[in-house]
Amino acid sequence: MGVAFVAHCVLNQNSKVGDGAICAGVYSPIVDVLREKGWRIEQMPCPELAFAGLNRFWAVREQYDTAAFRRHCARLATAVADVIALRAERGEDVVLIGVEGSPSMGVTITSSDPRRGGRPEWPDGTPEHVSGEGIFVEELRRELTSRGIGFPRVVGQTSAIPGHDEAAQRAAVESALSGIDG
Amino acid sequence: MKRDDRSFRVALVADKYVNPPPGGVDAVAAAAQAGWGVIQLPADEYPAAVARRLLFEVAEQAEEFARHGYDLVIVGRRGGLARALARAGIALPDRIIPESSVALVEFLSGRPSPEALRMAGSADG
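Residue numbers (my numbering), protein chains in the order written: chain A, 337 to 518; chain B, 4 to 128.
What the hints contain is simulated information worked out from the structure, not anything from laboratory work.
All residues carry an ideal CB built from backbone N, CA and C; glycine is no exception.
Hints should not be assumed to be uniformly reliable.
[To be verified] If you anchor each label on the Cβ, the simulated ranges turn out as follows: (1) Ile485(A) - Val105(B): 37 to 45 Å; (2) Ala404(A) - Ala85(B): 35 to 43 Å; (3) Pro24(B) - Gly453(A): 48 to 56 Å; (4) Thr402(A) - Pro24(B): 38 to 46 Å; (5) Ala404(A) - Ala94(B): 27 to 35 Å; (6) Gly427(A) - Asp47(B): 18 to 26 Å; (7) Ser116(B) - Ser514(A): 22 to 30 Å; (8) Pro25(B) - Phe393(A): 22 to 30 Å; (9) Leu95(B) - Arg426(A): 28 to 36 Å.
[What the hints assert, rightly or not] Covered stretches of chain A, as calculated for chain B (at least 3 residues, CB under 8 Å): (10) 340 to 353; (11) 356 to 370; (12) 377 to 384; (13) 423 to 433.
For reference, chain A alone in the conformation it holds in the complex (with noise of 0.2 Å):
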């Protein structure tokens, strides 16, 4: 069986920014394709919750890139590395499941705009979104690395990236958990 690492916010969009939930609480169209192949779930924490709130601004990579949330982050990845390393050693397959987009939770899509910052007021629209990693995804790497432990394969939900697409969002997740590129 294999086991999937999932955001937090897959099974709890209560941990989401504020106006970013967009459902009650479990986001079930990664969920359904996690129970239908048999995939063991593993929920990460929300690295921005505990640390900037409920009540926390919409934000970019470099408004969080501090080195005290990057503390944060680390502690917390310590916390999941513990548990990839238990699932490896038994050898058990891992695919990490973010969330695409998010300044610390994104696996290939991250968001950033150097400018950003002061009185919140920026139009809609405003091209944030680029290729790379959140900071926990960024330091979760770094921790598997220091212990020897390979990178899992990688997904992420894309409810927030402009032209989602749930069908596609469904045959990502389903070829990350294959291990077969789609």
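Chain A is fixed; fit chain B onto it per the hints.
Frame of chain A; chain B shown alone:
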């Protein structure tokens, strides 16, 4: 803050209900049906030090929800949870040991409206 689709309801769920055995109670499905979010508790099989770290993070996140008036409940049991929550300064939420998925959905659906939801409603209005 603008209202979104969140429910302001979060269940702290023992691993056996997040990853149920065949025929077991699936709390993730029940939460989805009842409109609740889930925070997974560490599996019982994990070494104490690993579980302790995970429970610390669970408690920190639960404290944030509790302080903002979200409804919290516990589904199942997990050793060390009460201590972790106490250290984070929050009282032990109501608990259910569900005998069936139907019973769990009924329990979750029957909870009173969370304070945070009422506050968000008044802010909207």
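Right, here's what the structure says about each hint:
no.	hint	result
1	Ile485(A) - Val105(B): 37 to 45 Å	holds, 41 Å
2	Ala404(A) - Ala85(B): 35 to 43 Å	violated, 29 Å
3	Pro24(B) - Gly453(A): 48 to 56 Å	holds, 50 Å
4	Thr402(A) - Pro24(B): 38 to 46 Å	holds, 43 Å
5	Ala404(A) - Ala94(B): 27 to 35 Å	holds, 29 Å
6	Gly427(A) - Asp47(B): 18 to 26 Å	holds, 21 Å
7	Ser116(B) - Ser514(A): 22 to 30 Å	violated, 43 Å
8	Pro25(B) - Phe393(A): 22 to 30 Å	violated, 44 Å
9	Leu95(B) - Arg426(A): 28 to 36 Å	holds, 33 Å
10	340 to 353	holds (count 7)
11	356 to 370	holds (count 9)
12	377 to 384	holds (count 5)
13	423 to 433	violated (count 0)
Comparing the model with each numbered hint stated earlier shows that hints 2, 7, 8, 13 do not hold.
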